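The task is simple: from the sequences and hints, build the whole structure.
Everything in the sequence shown is counted per our numbering, starting at 651 for the first residue and increasing by one.
If you are wondering where the hints come from, they were derived from the structure by calculation, not from laboratory data.
No experiment lies behind these values; they were computed from the predicted model shown.
Think of the CB as a built atom: it goes at the ideal place given N, C-alpha and C, for glycine as much as any other residue.
This list has only true hints and no planted wrong ones.
Distance windows between CB atoms, simulated: (1) A727 - A696: 18 to 28 angstroms; (2) G740 - N713: 34 to 44 angstroms; (3) Q738 - N713: 36 to 46 angstroms.
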Amino acid sequence: MFVKPLLSRASSRAATLAARSSRALAPTTRLASRSLSTAVGAQLQALTTEYPHLDVVRYEHKNRVWSLQHVQYYSDALAIGLMENNLQPGDVVLSWLPEHFSEQ
Numbered sequence: 651m652f653v654k655p656l657l658s659r660a661s662s663r664a665a666t667l668a669a670r671s672s673r674a675l676a677p678t679t680r681l682a683s684r685s686l687s688t689a690v691g692a693q694l695q696a697l698t699t700e701y702p703h704l705d706v707v708r709y710e711h712k713n714r715v716w717s718l719q720h721v722q723y724y725s726d727a728l729a730i731g732l733m734e735n736n737l738q739p740g741d742v743v744l745s746w747l748p749e750h751f752s753e754q
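So, in structure tokens, the structure goes:
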């Protein structure tokens, strides 16, 4: 599956803020990872409120486009699923995907 992000002013601003946050925090501590996830989550929520229908992800293989509203919905669903399986903020999760999921 080929995933191609659609860069816009809003999504690149979110990426810039997330990168600044990750450089400012030491990722090895539980508190730092919680702060980073809170910062990214808050930024995603703010962008979704401001630009809910902005297309930010395109799956060219399946001809599917996700808006910020879709990304927010699926990230919330993933977070709820992880919490239902007793994972806590700051826990480490490994995502192992098949090679054909890699970005070209």
